[in-house]
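Enquirer: The listed protein sequences derive, respectively, from chains A and B. When the letters of the first sequence are read in order and numbered with full-length UniProt numbering, they come out as residues 1 to 331. When the letters of the second sequence are read in order and numbered with full-length UniProt numbering, they come out as residues 1 to 339.
The set of hints was computed from the structure by calculation and includes no laboratory data. Here a beta-carbon is modelled for each residue, glycine too, at the ideal position from N, C-alpha and C. A few of these clues could be false.
[To be verified] Where chain A lies over chain B, by a calculated footprint (3+ residues, C-beta under 8 Å):
| id | segment |
| --- | --- |
| 1 | 13 to 22 |
| 2 | 93 to 100 |
| 3 | 132 to 145 |
| 4 | 302 to 308 |
[What the hints assert, rightly or not] So, partial list: chain B residues that the calculated Cβ filter (under 10 Å) puts toward chain A:
| id | residue |
| --- | --- |
| 5 | Gly35 |
| 6 | Glu44 |
| 7 | Trp47 |
| 8 | Tyr115 |
| 9 | Glu317 |
| 10 | Leu319 |
| 11 | Ala324 |
[Claimed, not checked] Okay, the calculated bits of chain A under chain B, using three or more residues with CB under 8 Å as the criterion:
| id | segment |
| --- | --- |
| 12 | 165 to 178 |
| 13 | 257 to 263 |
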Amino acid sequence: MTDRATVRTEQGLDADGLRDAYRMMRTIREFEERLHTEFATGDIPGFVHLYAGEEASATGVCTNLDGRDSIASTHRGHGHCIAKGVEVKGMMAEIYGKATGTCRGKGGSMHIADLSKGMLGANGIVGGGPPLICGTALAAKIQGTGGVSVAFFGDGASNQGTTLEAMNLAAVWNLPAIFVAENNGYAESTSSNWSVAADNIADRAAGFGMPGVIVDGFDFFAVHEAAGEAIARARAGGGPTLIEVKFTRYYGHFEGDQQTYRADEVAHAREELDCLKRFRARVIETGELTAAELDAIDAEVLQLIEESVTEAKAAPVPTADDLLTDVYITY
Amino acid sequence: MARMISYRDAINEALTLEMERDETVIVMGEDNAGGASAGSPGEEDAWGGVLGVTKGLYGKFPGRVLDTPISESAFVGAAVGAATAGLRPVAELMFIDFMGVCFDQIFNQAAKFRYMFGGKAVTPVVIRTMYGAGLRAAAQHSQVLYPLFTHIPGLKVVVPSSPYEAKGLLIQAIRDNDPVIFCEHKAMYDVQGDVPEGAYAIPFGEANVVRDGDDVTIVALGRMVSVAEEAAKELAANGIEAEIVDPRTTSPLDTETILESVERTGRLVVVDESSPRCSVGRDISAIVAEQSFGALRGPIQVVTPPHTPVPFSDVLEDLYVPSAQDVVNAVKTVADWKR
Ligand SMILES: Cc1ncc(C[n+]2csc(CCOP(=O)(O)OP(=O)(O)O)c2C)c(N)n1
Ligand SMILES: [Mg+2]
Numbered sequence: 001m002t003d004r005a006t007v008r009t010e011q012g013l014d015a016d017g018l019r020d021a022y023r024m025m026r027t028i029r030e031f032e033e034r035l036h037t038e039f040a041t042g043d044i045p046g047f048v049h050l051y052a053g054e055e056a057s058a059t060g061v062c063t064n065l066d067g068r069d070s071i072a073s074t075h076r077g078h079g080h081c082i083a084k085g086v087e088v089k090g091m092m093a094e095i096y097g098k099a100t101g102t103c104r105g106k107g108g109s110m111h112i113a114d115l116s117k118g119m120l121g122a123n124g125i126v127g128g129g130p131p132l133i134c135g136t137a138l139a140a141k142i143q144g145t146g147g148v149s150v151a152f153f154g155d156g157a158s159n160q161g162t163t164l165e166a167m168n169l170a171a172v173w174n175l176p177a178i179f180v181a182e183n184n185g186y187a188e189s190t191s192s193n194w195s196v197a198a199d200n201i202a203d204r205a206a207g208f209g210m211p212g213v214i215v216d217g218f219d220f221f222a223v224h225e226a227a228g229e230a231i232a233r234a235r236a237g238g239g240p241t242l243i244e245v246k247f248t249r250y251y252g253h254f255e256g257d258q259q260t261y262r263a264d265e266v267a268h269a270r271e272e273l274d275c276l277k278r279f280r281a282r283v284i285e286t287g288e289l290t291a292a293e294l295d296a297i298d299a300e301v302l303q304l305i306e307e308s309v310t311e312a313k314a315a316p317v318p319t320a321d322d323l324l325t326d327v328y329i330t331y
Numbered sequence: 001m002a003r004m005i006s007y008r009d010a011i012n013e014a015l016t017l018e019m020e021r022d023e024t025v026i027v028m029g030e031d032n033a034g035g036a037s038a039g040s041p042g043e044e045d046a047w048g049g050v051l052g053v054t055k056g057l058y059g060k061f062p063g064r065v066l067d068t069p070i071s072e073s074a075f076v077g078a079a080v081g082a083a084t085a086g087l088r089p090v091a092e093l094m095f096i097d098f099m100g101v102c103f104d105q106i107f108n109q110a111a112k113f114r115y116m117f118g119g120k121a122v123t124p125v126v127i128r129t130m131y132g133a134g135l136r137a138a139a140q141h142s143q144v145l146y147p148l149f150t151h152i153p154g155l156k157v158v159v160p161s162s163p164y165e166a167k168g169l170l171i172q173a174i175r176d177n178d179p180v181i182f183c184e185h186k187a188m189y190d191v192q193g194d195v196p197e198g199a200y201a202i203p204f205g206e207a208n209v210v211r212d213g214d215d216v217t218i219v220a221l222g223r224m225v226s227v228a229e230e231a232a233k234e235l236a237a238n239g240i241e242a243e244i245v246d247p248r249t250t251s252p253l254d255t256e257t258i259l260e261s262v263e264r265t266g267r268l269v270v271v272d273e274s275s276p277r278c279s280v281g282r283d284i285s286a287i288v289a290e291q292s293f294g295a296l297r298g299p300i301q302v303v304t305p306p307h308t309p310v311p312f313s314d315v316l317e318d319l320y321v322p323s324a325q326d327v328v329n330a331v332k333t334v335a336d337w338k339r
């Protein structure tokens with residue numbers, strides 16, 4: 001990959017950049033909407049946590065990143081994977097547990113990773129990612145690559161010791177590390193209003209001597225700009241930043257969650273706040289992109305998702321031999 | 001008169017009865033109260049933990065069912081600390097895999113106090129946690145980690161194999177004055193079993209002989225007890241009568257019942273869902289080899305998954321978990337063995 005994305009940040013996004021961003025967000029949305037439908041048929045094994053509604057975060061951040069950069073994700077990881085360039089078809093096959101999947105069917109939804117893309121993995125352990133990106137940031141710093149590392153984590157994960165320790169470490173080592181707290185209001189059924197003792201997760205940044213910013217997570221442009229600033233500062237040796245992105249998840253904690261713990265805030269969010277709707281309205285209004293262009297992207301994305309599901313369903317399952325491979329490199 | 005209830009309800013009943021009996025018993029964990037304590041705009045809803053095991057307790061015992069942030073080190077440690085100060089906390093560590101973020105509070109703190117403080121500490125904490133494969137939950141949500149706890153002197157470790165054992169062993173765990181790790185198999189919550197209504201405690205370190213037989217001893221743990229029972233039926237059809245011993249607690253371990261059985265049958269197969277190295281299955285086989293060597297008429301067999309993480313794919317996970325057929329094969333190996 002080139003430095004195109006970085007150049008774009010400094011100049012604002014050109015039409016190509018806007019198209020890429022829209023395609024990314026739309027791909028995440030359709031991937032998740034389709035999984036929601038497919039999960040209900042019973043064909044998908046295990047736990048699936050959907051990112052629908054939160055697309056502007058992964059997209060707004062990752063459109064500032066390039067091939068030097070790494071991200072760590074969470075159990076709600078599909079959006080981060082897509083935004084960091086992991087192949088959609090491989091992801092779908094992985095979620096179906098197929099041999100053609102990104103992780104050959106051994107990881108599943110919660111563990112999709114592609115280190116060649118700087119994607120350190122979705123994660124089954126809440127708070128698992130932040131320490132890891134201190135390591136990739138340290139490697140980038142020592143090797144002088146200019147790479148920046150980003151940890152995405154939830155409001156629930158913001159209370160995990162690993163997350164807090166990682167932020168302090170990143171600050172004392174002055175690492176090119178960005179901490180993106182995705183506050184969707186809940187950790188499973190537990191409200192972040194209750195679980196986060198401070199008013200905002202971002203307020204905690206002061207305790208670690210790093211800048212903390214709060215962003216409207218439904219607004220791609222706001223996330224893109226805030227992340228752009230933080231990432232540029234980190235690349236220039238200015239150290240870590242904590243960004244709190246606030247929004248609502250559109251589905252339950254996992255597929256199957258009856259969500260009796262929350263009032264229906266989703267209908268309002270989908271109708272009035274939705275990141276894709278807002279993006280469309282804005283770029284059409286400014287004349288940067290046309291409705292026809294955006295519709296064409298929508299159609300292409302739908303086609304891609306359709307193909308990935310068809311191919312995933314038809315793909316071979318792992319064989320008995322695969323059970324024993326890749327525990328070690330040598331043994 | 002038989003009363004059939006689920007493994008989940010049996011655990012819930014044990015908690016309810018002990019909370020009614022003893023007001024020092026408190027319960028804490030992630031989403032134990034959920035929507036209800038969080039002041040959320042949603043309906044009043046106390047989840048009772050992610051799989052609903054503590055459902056209903058929040059309303060019944062005001063102030064004694066605590067929600068926690070996702071801060072396992074802090075709340076597990078708080079449960080340990082509260083236990084030293086007169087409470088009997090039952091902390092829920094949702095998945096046993098999450099011991100990774102709070103193990104210090106368990107094995108350097110809770111486990112050590114009694115000995116390290118010269119017998120002066122009492123730490124009656126219970127950590128309930130779910131383990132095991134079978135739900136396609138992949139490598140970080142499916143492990144069978146009771147051997148790690150069993151390894152630590154100072155911890156008691158419980159692996160209930162049925163609703164009946166779950167209730168009686170949890171009541172004992174709560175009344176017990178030592179730290180107890182209570183391991184619930186996540187694929188068993190809906191398993192039904194005959195459970196008496198009142199309170200009863202099953203003592204630790206007393207194995208249950210699930211099935212009598214004279215040809216081979218099968219020691220099975222947790223969910224593997226039902227796998228062994230299935231195997232025993234097939235073996236019986238082939239003229240082999242298996243005795244099944246369920247140790248119920250891995251620490252303390254009832255070696256006497258196991259040794260007595262092997263002395264009689266001369267053959268031992270251990271069925272253990274945990275990884276094969278440094279495991280409870282290997283520990284039991286070593287104890288038998290040391291103490292009943294003369295009685296053995298063939299090599300001890302240990303049926304375990306392979307030495308790999310738990311795979312996600314359903315095809316692979318089904319191959320991973322020991323099956324009744326694996327147990328039958330192991331029994332045949334030892335039964336057919338010729339010097
Ligand atoms: C160490 C650990 N504790 C608990 C869990 C169980 N768990 C999985 S996701 C989750 C909620 C996470 O909430 P949040 O961080 O806000 O992320 P969100 O699901 O909202 O994206 C919990 C409690 C876990 N996977 N790992
Ligand atoms: Mg959340």
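Enquirer: Are the hints correct? Go through all of them and say.
Expert: Each hint, compared with the structure:
1. 13 to 22: Coverage by chain A is violated for the segment 13 to 22 of chain B (0 residues, Cβ < 8 Å).
2. 93 to 100: holds (count 3)
3. 132 to 145: holds (count 7)
4. 302 to 308: holds (count 3)
5. Gly35: holds (3 Å)
6. Glu44: holds (9 Å)
7. Trp47: holds (5 Å)
8. Tyr115: It is violated, given that the least Cβ distance between Tyr115 of chain B and chain A is near 27 Å, above 10 Å.
9. Glu317: holds (8 Å)
10. Leu319: With a closest approach of 5 Å, the Leu319 of chain B hint holds.
11. Ala324: violated (18 Å)
12. 165 to 178: With 0 residues closer than 8 Å to chain B, the segment 165 to 178 of chain A misses the three-residue bar; violated.
13. 257 to 263: holds (count 5)
The structure fails hints 1, 8, 11, 12 (numbered hints given earlier, in ascending order).
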